[in-house]
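A.B. asks: Residue strings, one per chain:
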Amino acid sequence: MKIKKTLSIFAGAGLALALTFGQNITPSYAVSGSLCVPPVPEIGYRPSVLECNGNAAILLRGDYRNAYSVVVRRNGQYNDRDPNNTSCATNRCSPYKVQKRIQLPEYEVNCLGASGYSAYFDSVTRISIKFTPGVTDSSDTSQFQQYCLSDKKSDMN
Amino acid sequence: MFRCFNSLGFALITSTLMLGCGGGGGDSSDGSTDPNPPVNGVSHWKISADVSRDGCGERIAEVNQTVTMTQQGDSLSVDTTIVEVGATPTTNGFVFGFEETNGDCTRNYNTQFSYLTDTTADVSITVASNCRGISCQDEWAGTAVKVD
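If you read the sequences in order, they're chains A and B.
Going by our numbering, the first sequence runs without a break in its numbering and finishes at 160.
Going by our numbering, the second sequence runs without a break in its numbering and finishes at 914.
Hints listed in this document are in silico derivations from the structure and should not be mistaken for laboratory results.
Be aware that a few hints might be false.
What the hints assert, rightly or not - Computed from the model, here is a short list of chain B residues facing chain A with C-beta under 8 Å:
1) Arg825
2) Tyr875
3) Asp904
Stated by the list, open to error - These stretches of chain A come out as covered by chain B in the derived footprint (C-beta under 8 Å, 3 or more residues):
4) 38-45
5) 54-65
6) 98-106
7) 109-121
Don't be surprised by glycine CBs; every beta carbon is placed ideally from N, CA and C.
Turn these sequences into a full structure, and let the hints steer you where they fit.
C.D. replies: See the structure below:
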C-alpha cells in the first residue's frame, strides 16, 4: 500500500529583524578569548548533513534559538574567517559562519560553510554565540558565550 | 501544521521545511510484494556521497551522514537527525524527500537508496532549487552502509 501525504512541520517568517532575548540564558560563568565551557543541551552539532549541502550544522534549542549569531571558531586572529581569505568578513566567504537557517519546531538548524570532516574544521575548537548584536562585555554570559567542540566529526546533542 | 516564529535572518537565508511524506514499505499498491523490501525494525545507515554536480554555486561538500530507518508494518520512515520523513519503496530500494521554502524560493530534496541489500545501497541525492524562475540543481552520488 502506498500512502501519499504532505506534512507541514513548520511554517514561519522569512527575514525579520526583530530580536527577542531568552530569559534563561545565564550560564554559570563567562569565557572569552579561546576559552570555552562544556556544551549545554540547548546546543547541538552535526558534522555533515544533506539538509546543509553536506556541510556542518549547529542546532539551537529553547531560548538559544533566539541568539543573535552563532559561529565556530579556530584559535588565533580572524578565527571565524576563512584562513585563506581573512580580508573577507561576510558569511558567504567563511566556512565557519552560518550560510542558511532552517526553522523546525524543536530547533533551529544553522548550516555552516564547510563539512565538519574537512580540513577547515581540524583547527576548530569551539562554538561561539552572541546573544545580543552589540556585545559590550565578552565576559557577560548574557551577551556572549563559547562552548567547546572537541569532536568535530561526531554528532553532539 | 506547526507555526513557529523566526526572529532572525538579516543577510542570511532563513528557510522552513515542508516534508512530503511518502509512506509504505513491503507491499505495493497492487498488492504484490516489493522485490527488495527495506529492513525490518530500526537500522542505521552511514551515507558517504561525493558531489557529482555543483549547479547552484553554493558552499557544498561531500555528505557524510548517518540516517535511521524505521519500518513498522507497511510504514517506512527515515530520520536524518534533522528531519524524519516517510519513505516510498521503489523497485530496488526506496526514496525519501522534502521541500524547503523561503518566500518565493523552494528547494526540493530527494534521496534515493537503490540496489539495496541487507548491508549496502547506492545513494543518489538531488537538491533542486527554484527561485523566482531561476533553477539550479546540486547532486551527490555514493553509498550507504549499514552500521548496526
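A.B. asks: Confirm or reject each hint.
C.D. replies: Comparing the hints with the structure gives:
1. Checking Arg825(B) against chain A: minimum C-beta separation of about 4 Å stays under 8 Å; hint holds.
2. At about 7 Å, the closest approach between the beta carbon of Tyr875(B) and any beta carbon in chain A falls short of 8 Å, and the interface hint on this residue holds.
3. The interface hint given for Asp904(B) holds, since its Cβ lies 6 Å from the closest Cβ of chain A, which is under the 8 Å cut-off.
4. A count of 0 residues in the region 38-45 of chain A with a Cβ less than 8 Å from any Cβ of chain B is obtained; the coverage claim is therefore unmet, three being the minimum.
5. Residues of the region 54-65 of chain A with a Cβ under 8 Å from some Cβ of chain B number 5, which satisfies the need for three, so the listed coverage holds.
6. Residues of the region 98-106 of chain A lying with their CB closer than 8 Å to a CB of chain B number 7, which satisfies the three-residue condition for coverage.
7. Residues of the region 109-121 of chain A with a Cβ under 8 Å from some Cβ of chain B number 7, which satisfies the need for three, so the listed coverage holds.
Checked against the numbered hints listed earlier, the structure breaks hint 4 alone; every other hint is satisfied.
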